[in-house]
Every structure is written in structure tokens, then in C-alpha cells.
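> Take a look at the letters that make up each chain.
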Amino acid sequence: MKKILSAFLLLLVALLAAVSVGSADLSMWDSLKILLHRLPIAGEWVQLSGIGTVYETIVWEVRMPRVLLAAMTGGILAVVGSAYQGIFLNPLADPHILGVSSGAALGATMAMSAGLSVSVWGLGAVGLFAFAGALLTVFLVYQAAKIGGSLSVMHMLLTGTAISTMLSSMISLWMTFHHDQIVKVYMWTLGSFAAATWEKTAFLSVFAVVGTAVLCAGAGKLNLMMMGEEDAKCLGVDTGRLQKTFIVTSSLLVAAAVSVSGIIGFVGLIVPHCVRLLCGPDNRKVMPFSFFAGAIFLMACDTVARTVAAPTEVPVGVVTAMFGAPYFISLIWRERGRRGS
Amino acid sequence: MKNLKWKRIAAIGMLSMMMLAAGCGKTPDRAQDAGANTQAPETAQDASYPLTVTDSGGQEVTLGQKPEKIVSVAPNLTEIVCQLGAGDRLAGRSDYCDYPAEIVDVESVGTIFTPDMEKLIAITPDLVLVSTHFDEENAQKLQDLEIPVLTLFEEHDMEGVYAMIETLGQALGCVDEAEECVRKMQDTVSDVQEKVKDLEKPSVYYVVDYGENGDFTAGGDTFAGAMLEMAGGDNIAKEVAGWSITLEEIIEADPALILIAESRKDEFMQSAAYANLTAVKEGKVYGIDNNLLDRQGFRNAEGIRTLAEIFHPEAFE
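Each protein sequence line maps, in turn, to chains F and U.
Okay, so the first sequence: first residue is 5 according to my numbering, each after it adds one.
Okay, so the second sequence: first residue is 31 according to my numbering, each after it adds one.
Bear in mind the hints are in silico, worked out from the structure with no lab data behind them.
The model shown is predicted, which means the values in this text are computed figures rather than measured ones.
Here a beta-carbon is modelled for each residue, glycine too, at the ideal position from N, C-alpha and C.
This list has only true hints and no planted wrong ones.
Below, computed lysine to any residue pairings styled on SDA-like, alpha-carbon distance capped at 25 Å: (1) U:Lys96 <-> F:Gly56; (2) U:Lys314 <-> U:Ala283; (3) U:Lys99 <-> F:Gly54; (4) U:Lys268 <-> F:Gln185; (5) U:Lys99 <-> F:Ala314; (6) U:Lys268 <-> F:His183; (7) U:Lys268 <-> F:Thr180; (8) U:Lys99 <-> F:Thr311.
Simulated restraints, written as ranges between beta carbons of each label pair: (9) U:Gln95 <-> F:Val124: 28 to 36 Å; (10) F:Gly119 <-> U:Glu269: 23 to 31 Å; (11) U:Gly317 <-> F:Thr165: 42 to 50 Å.
Take the sequences, apply the hints, and build the full model.
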């Protein structure tokens with residue numbers, strides 16, 4: 005519990021740090037002052053004299069929702085990654101493995117080509133179609149994997165891969181005939197938080213809080229299941245139900261994350277492994293810490309993405325892989341050194 | 031395998047960026063396009079603000095006062111702003127805005143797709159000019175912050191470009207300059223068309239892209255395609271809708287002249303696939319400044335003249 009609290013504090017510190025840097029000509033201290041000014045009680049004590057209102061807009065309307073959105077997306081991807089790696093007993097499982105992202109990308113592609121403009125829950129047409137596409141895909145994968153018997157996770161993995169490949173080629177086909185949309189689709193698939201708003205942040209936070217709580221609550225049972233399905237059943241775990249709960253919750257989480265941010269790879273794959281290397285394989289620890297670690301990691305990556313080459317924005321997916329992979333490898337080295345092998 | 035696929039998509043992406051730059055993004059509302067410049071008084075040079083103009087997407091944009099801090103996130107609109115003599119009011123541009131040369135001194139706010147919103151807002155612009163590539167959610171965000179966003183694009187013909195220049199002139203309070211600009215363009219174009227009208231049209235192929243991702247040109251319904259015809263050329267892709275053509279079709283048509291961006295000319299001429307084309311063998315491949323064709327604006331008229339001089343050198347002696 006103490007550790008969780010310190011992880012939360014670390015997240016808060018990282019959040020403040022992320023909000024205080026940016027490309028606008030504004031000092032870190034002034035950014036913090038603007039932020040503190042918005043707080044209920046502390047706000048009374050902070051004077052904003054000398055800081056233009058435009059900077060208030062930048063910090064509060066541009067930076068803050070963006071940083072929060074990145075944090076929640078990172079947390080969601082990492083916690084779902086750890087859940088999938090457990091459920092599928094596969095260290096290479098990531099949040100996109102069931103075809104969610106391909107479905108979302110196909111939905112987004114269609115919305116872009118159709119040029120629709122609707123807005124629900126702060127999501128534009130692209131976000132809504134991506135959300136719907138992601139959910140439809142998981143439903144399809146789930147139903148297809150169930151054909152001819154009960155649900156098996158192995159079938160789900162294979163079906164997911166197959167359907168994901170099929171949807172990707174549908175996107176390619178679509179783009180062949182809609183060349184003018186290729187850049188938009190391509191940029192979308194790289195992922196970005198550039199269009200973050202408070203509405204999107206609110207939308208995602210509902211999923212982040214409820215979904216993560218549901219997943220973490222099942223962590224103990226997941227531990228048992230990973231020792232063997234039969235053993236877990238003997239110990240009174242309804243494994244089928246657990247799998248279903250995990251897959252449905254995770255899919256909803258990923259669909260929501262992808263629809264606000266595009267496809268961001270690597271976070272969901274690597275962060276859970278890093279957490280395991282640091283605090284052992286117990287899912288009751290791995291899952292909540294993955295959420296915090298993923299949140300901090302993606303927030304940091306997005307901060308780099310928007311500042312390192314400003315005003316040109318680097319795709320955040322590029323940053324996650326460039327910084328994440330070497331760190332992950334160094335952790336593996338350290339682990340080996342400790343084991344003396 | 032996945033990497034290879036994305037690499038290819040990235041390459042195609044670069045290509046279609048060029049096409050986007052040529053303005054093939056959306057279907058404009060033609061009726062509103064044409065009516066765009068009829069809503070405000072055209073008499074005074076300083077049009078009376080607040081002023082409402084209709085952009086190329088059919089949206090009404092209201093300007094509280096004469097824009098003095100303009101950010102243009104589209105290279106062609108940057109060019110028009112400067113042509114209208116309002117270049118000194120530009121406070122921000124995109125990474126791709128490179129003409130006229132002095133514009134490079136203006137601060138950039140990033141790419142034309144996802145600009146740095148912080149930087150853009152920090153400029154406190156009173157007008158943001160964008161084209162089709164601009165992210166709609168970002169545009170919405172600016173509007174929510176009460177920063178007017180004017181979306182202007184044209185993808186079919188010169189009339190649309192004239193209307194676009196006039197709309198922009200109105201928004202900037204440069205109505206006279208806009209009229210002058212359009213008149214100059216019309217003069218150039220009609221002068222060229224007068225010279226080439228009775229001449230035999232050479233068959234022409236305009237290379238937008240070539241190589242392992244396929245061959246791409248400007249079809250009959252595109253803006254660049256229309257320019258080829260106006261300059262007295264016979265576009266071999268005039269039946270094509272859009273940008274795709276096959277190598278077989280190019281060889282079959284065996285164009286008399288080939289046009290390509292200057293920077294890619296040598297590479298194209300050395301490519302084995304095109305070595306048997308008559309134009310390549312006879313050295314009738316001409317490098318051009320493709321921005322004259324791709325960016326809708328004042329320089330299109332110059333582009334038409336440049337093309338006509340290549341097609342019909344005898345008429346310009």
C-alpha cells in the first residue's frame with residue numbers, strides 16, 4: 005500500500021513536470037503557478053500578475069488535457085498489456101493483439117474518407133468510428149473463436165491475428181482508391197495527443213478508473229490461473245468467467261484509448277515486463293504498478309514528442325520505442341547480472 | 031513484413047502529401063465557393079469589420095477586426111497573403127512555407143498536418159489560414175478558443191483559385207489588391223491562351239511520382255491537369271480521374287513531352303522503365319518548379335506561361 009502511494013506521488017510529480025514544459029515561451033515556474041491557481045484552496049495564494057491570459061489558455065486548455073490524456077492512455081495500455089500477458093500466458097501479448105487497433109484504424113479511415121462531422125462525448129467522427137470499429141472487431145474475434153466449442157485463449161489469439169491482418173489489408177485496399185487520405189490515415193495510426201481536449205480526457209477517465217479497478221480486482225485469481233487452469237478450478241476459480249471479464253474489460257479499455265490517441269505501440273508490451281523485473285511476477289503488484297509506470301512513461305514520451313523538435317511534432321509512438329527499448333534491454337542485463345548467469 | 035508495409039505506406043504518404051498540396055482533399059461546395067465573395071461591401075479598401083466570409087468548406091467565419099496577426103498553415107495561402115501585400119501581417123507559417131524567400135524569417139508553427147498548438151496559440155493570432163490537410167479537431171479547438179480559422183482550398187480550376195484569392199482579400203481587407211492580383215493572372219492566362227489557341231497540341235505527360243509505388247500523374251479532373259490543357263498541351267491522362275496511371279498506358283501513349291519536378295529529372299531519365307519512351311530518348315524531358323502547378327495561387331498564371339513556353343517555344347520568341 006505504501007508503495008502504491010509513492011507510485012501515485014511519483015505520478016503527480018511527473019504530471020507537474022510535464023505540464024510545466026512546452027514550446028511556448030513560458031517559464032516552468034509560471035506554468036506551475038497557472039496550474040496551482042486553478043486548485044481550490046492553494047489557488048487563493050497564487051498571484052498570476054505578469055502572466056498573459058494567453059498562457060493560461062495554453063497551460064490549462066492545451067497542455068493539461070494533453071498531459072492527462074497521455075497519462076491515462078499509457079496507464080490503460082500498460083495495465084491491459086499485463087492482463088493480456090497473463091490471460092494468454094504469452095509474454096509477447098500486447099493490447100493490440102486481438103485486432104482492436106486494426107478495427108479502430110479501419111473505422112477511423114472510413115470516418116476520414118466520409119468527411120463526417122459529428123461529436124459525442126468529446127469524440128469527433130474519427131474517434132467514434134474508431135471506437136465502434138474496435139468493439140466490433142473484438143466481438144467478431146470473440147464469436148469466431150467460439151465456433152465449434154468453448155472459448156479457448158489459443159483460438160482467440162489466432163483468430164485475433166487473422167482478423168487483424170484481414171482488416172489491415174482492407175485499410176490498404178481502401179487507401180489504394182483514396183490516395184488523398186493516406187497521410188491522414190498514416191499519421192493517425194502513428195498516434196498523437198495533439199488534439200487533446202477536456203471532453204476527451206473526461207471520456208477516457210471513466211474507462212481508466214472503472215476498467216483498471218475491475219482488472220486489478222481480478223489479479224489474485226489471475227495469479228492462480230497462471231499456475232494452471234485445472235489447479236485454479238480446483239481452488240474454486242471460475243476460469244472461463246475470469247477470462248471473459250478480463251477480455252471484455254480490456255477490449256473496452258483499449259478501444260477507448262485508441263479512439264482518443266490513435267495506435268501507440270510498445271507501451272503495453274514493455275512496461276509490464278519492466279514492472280515484473282522490478283517487483284516480481286505477482287499480478288496483484290504488476291497490474292497496479294503497470295498502470296502508474298505506463299502513465300508516467302507515456303506522459304514523459306509525449307512531452308519529448310512535443311518539445312524535442314518543436315514546433316515540429318515527433319510521433320509519440322516513435323519516442324516510446326526509441327526510449328523504451330534500450331531501457332528494457334538494460335533491465336534485462338541487470339536482472340541477468342543479479343542472477344549471476 | 032509489417033515494417034516493409036509501413037515503409038511503403040510512408041512512401042505513398044509522401045506522395046499523397048504532394049497531391050494534397052495540389053489540393054485534392056475534399057469535395058468543395060461549389061455553389062458556396064462561387065458565392066464566397068459576395069457577402070461584404072467591396073467598395074472600401076478597408077472593408078468594414080466585423081465581417082463575415084464563407085470559406086471553401088461552406089462555413090461562415092466572422093472576423094471581429096481587420097486581421098493584424100495572421101498565421102498561415104498552408105504554403106499556397108502564405109504566398110497569396112504576401113502577393114496581396116499583407117506579408118508583414120504574417121506572424122506564423124508552416125514548415126513548408128518557403129516562398130517568397132523572406133517568409134522564412136517568420137516563425138514556424140510546425141507541419142501542415144499537426145502544428146504545435148502551444149506555439150500557435152502563444153502567437154495570439156486573430157486569423158488562422160488553413161488548407162485541407164489541417165486536422166479538423168485542431169481547427170475545432172482554435173474555434174473554441176475564439177480564434178477564427180479560415181479554410182481555403184480549390185481543386186479543379188482557375189475560377190476557383192480566383193474566388194479563393196478574392197475571399198482571402200476580403201478577409202484581410204485587401205479587396206483592391208485581390209482584384210488586381212486576379213486581373214493580372216487573367217491577363218497572363220488569356221495572353222498565353224491567345225498565343226497557343228491555333229497551335230497543334232503536343233501530347234504531354236506530367237510526372238507526379240513514379241517508381242516502385244506506381245506511376246502517378248495529374249488526371250483530367252485535377253487542377254494541374256486543367257493547367258496542362260490551358261497551356262496548350264494534350265494531357266495523355268485527360269481521361270483519368272484522379273492521379274493513377276499505369277506504365278503500360280504511358281508507353282502506349284508515348285508522349286511527345288514529359289514534365290517532372292526539376293529535382294527528380296535526372297533520376298527519372300536514368301530509370302530503365304522509361305528509357306524507351308520517345309521523349310526520354312530525344313531529351314524532351316523538362317524539369318519544372320512543380321510548386322507553380324501544385325500550389326493554388328498567384329503563381330499558377332506564371333506556371334501556365336512556363337508550361338506554354340515548353341509546349342510552344344515558337345509562339346514566345
